[in-house]
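Chain order of the listed sequences is V and G. Quick note, the first sequence lines up with residues 1180 to 1530 if you use my numbering. Quick note, the second sequence lines up with residues 397 to 752 if you use my numbering.
Take the hints with a grain of salt, since some may be wrong.
[Stated by the list, open to error] Cross-link-like lysine-lysine pairs, in silico, DSBU-like; alpha carbons within 35 Å at most:
hint	chain 1	residue 1	chain 2	residue 2
1	G	LYS472	G	LYS612
2	G	LYS612	G	LYS624
3	V	LYS1238	V	LYS1311
4	G	LYS401	G	LYS517
5	G	LYS504	V	LYS1476
6	G	LYS412	G	LYS472
7	G	LYS624	G	LYS401
8	G	LYS504	G	LYS472
9	V	LYS1476	G	LYS521
10	G	LYS517	V	LYS1476
11	G	LYS612	G	LYS742
12	G	LYS472	V	LYS1476
[To be verified] What follows is a set of in silico ranges between Cβ atoms, one per label pair, in the way DEER data are often shown:
hint	chain 1	residue 1	chain 2	residue 2	range
13	V	THR1240	G	VAL507	38 to 46 Å
14	V	MET1247	G	ARG516	55 to 63 Å
15	G	ARG520	V	ALA1201	18 to 26 Å
16	V	GLY1344	G	ARG473	26 to 34 Å
17	V	LYS1364	G	ARG467	51 to 59 Å
18	V	CYS1333	G	GLY737	54 to 62 Å
19	G	ASN568	V	PHE1520	33 to 41 Å
20	G	VAL507	V	ARG1203	24 to 32 Å
21	G	ARG516	V	ALA1201	15 to 23 Å
22	G	GLY406	V	ILE1519	57 to 65 Å
23	G	GLN483	V	SER1361	39 to 47 Å
24	V	GLY1344	G	GLU621	39 to 47 Å
25	G	VAL507	V	GLY1344	20 to 28 Å
Quick caveat, the hints were computed from the structure, so don't treat them as lab data. All of these numbers come straight from a predicted model, not from anything done at the bench. All C-beta atoms, glycine included, are put in the ideal place defined by N, C-alpha and C.
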Amino acid sequence: MKRTNKAVPGRVENRGAKIPPAARWIFLILLPLVTAAACLCIGRIPLSPADVLRSIGAKLTGGEGGTMLVESTLWRIRLPRILLGLLTGAGLSAAGCAFQSLFSNPLATPDTLGVASGASFGAALGLLLGMKLVGVQLMALAMGGAAVLLTALCGGGGRRQGLSGVVLAGIMMGSLFNALISFVKFTADTETELPSITYWLMGTLGAAGYRELALGAPPVLFGIAVLLLLRWRMNLLPLGEDEIRASGVNVRLLRGTVILCATLVTASSVSMCGQVGWVGLLVPHICRMRFGGDHRKLLPASVFLGAAFLVVVDTAARTISPSDLPISILTAMIGAPFFIFLMRRTEGWRL
Amino acid sequence: MAAVKLTVEGGSFAYKRGVPVIENLNMSAESGELVAVLGPNGAGKTTLLRCLMGFLRWDAGRSALDGEDIRGIPEKRMRSRISYVPQARGNVTSLPAEDMILLGRIGKMGVFSSPGEADRKIARKIAGELGIGDLLPKRCTEMSGGEVQMVLIARALAAEPELLILDEPESNLDFRNQLIVLEALSRLARDGMAVIFNTHYPEHALTRASRSLILKKGGQSLFGETAKVVTEENIEEAFGVEAVIREFETPGNVYRSILPLRLSEGPKTGKKTGGNSVAVISVLFRDYELAGAVNALFHEYRDFIAGRMGMPSGEYHIINVILNAPEREILSLTDRLTRIGGVRVKATAAPEEGDF
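If we strip away everything but chain V, and leave its shape as in the complex, we get:
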């Protein structure tokens, strides 16, 4: 052990030394808000900031807004979509971050326990049965919950298994539900149901309106809030089971709460907009590279950055192509190269 007076190798202290922490947080909090405001103006029907401001002012004062086109684009189409983007982006990032720490695995995603696959199966089944959107959403929520419950039952119990049993069970559940999805697709009508199922599975923020948000937002917000409150305790998650117990913390309760919250967030996100890949992997890792493994910084940063990220990607998705591009295509196409670029510039990924 070196005990010289030389400072520990540079990077640690230099990191972020130029930006005061308070300014960094203000930036992070403003980022999704500013992004959302900007994205309200962008789209295939461009709205000028003046139009948007006037319309918002009208809503607040009850006065005369803009034209019908402006009004309906802004309030009926863009706002719910952007709210959904903020919510899902924040939620999936928080859930991904939680799972990566919980399983001490940098490749863990919100789907590790089979939640997203379960929820997707529920939605596909709902679509196959010709349900309305709310029905599809409820089916997705129920199946997502069922998937995690099954995972917990299969992988939990044992005396000395720890978390590896749960992860294995989760992977099994994931593939089981993926097989069921394939089965649903196989039986679906190729003219009508199959395209809608396939499109939905690829993820889109365009389908949901205020009604779906009203049903789907509370679980997401609740999950994020609890995770944020637990942010200091989450630093315990990557440690060994005995270590956590010895520190006087109830391991099962802590892990259970984190899993429950992350599950709620993921299932509810999937129920509103299908599978949105990459966010839960990419955003927490970017934040880890920047903020390290302390969840007091990492988790809030993931939430804010995730929200902004998904709104930007979704705005691109609805602007670039005349027919709404599925969002997972874009998150991967933007995410993967950006991630590799970041990984090569910093010292790589770790927990």
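Start from chain V and add chain G according to the hints.
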């Protein structure tokens, strides 16, 4: 610091029925004492620690804290008295050392709260005492094994425990780092902490621990004063290694050291044990206050003492004692005398038959 005493009474444990890992084990550790747990790989050292702390349930017997079964003590209160230092794994989190140490305070905080300035102060103080103050901003992933180990010890101490349990704290460390860790443990024990540690090195038990436990494969165990437990015979029996324990004299003190000779070829036959040896133990000290402790020890061994000479010589006190005792008693007395700080001890054994 309040005195604490952890005892195990008749503890037995088996993962599989009929294959005992630990059988009818008795041991104890008190404030101010360093207890070493020795045993070959797979003898159940870690299992023992997990039973001690109540992570595993004894099949029979119990662990008790100050006489009270730990199963009956509320989890939170027990964990605040006992801290645990796991084996430092290669891949820890990228938390900076300071936050890692602060995690030790978590048992004392509310569910949704974060550590405050008071906690931070305690963490810094402990790091300073352990000599790792300059590590605080460094991330655990960027530390050497020795540094991580010291941070983990600091984290355990941040909970302000009375009993510290460590799982092979000095394994995988180099020479110097082993000493740093062992010194820290000795210091903690001197300051009144009860310390139990697993170790692969009989030498560390010999030089550091006042009492030792040897676990053998198959569940048997031996517990007692280090000098009586960590002997050539017991090492051979538990590890299957023929070893010699010898004393090293350095200016100032006598150290006991162990040298493994060869793998043993089955049980030893014919050779000694049982007979008495004759030895002279010389004690020299300056501080008259120490005479009480020295004499108390001699009193304990009075049955073996054949003759005794005390002679104040200027500012020094010199006592020579002639012993006629089994070798292990001689070693034990020497060992215990050595542990009284400020006393210089030398033991000379009479040549045995055949030694010439």
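Broken hints, by number: Nothing - there is no hint that the structure violates, so all of them hold.
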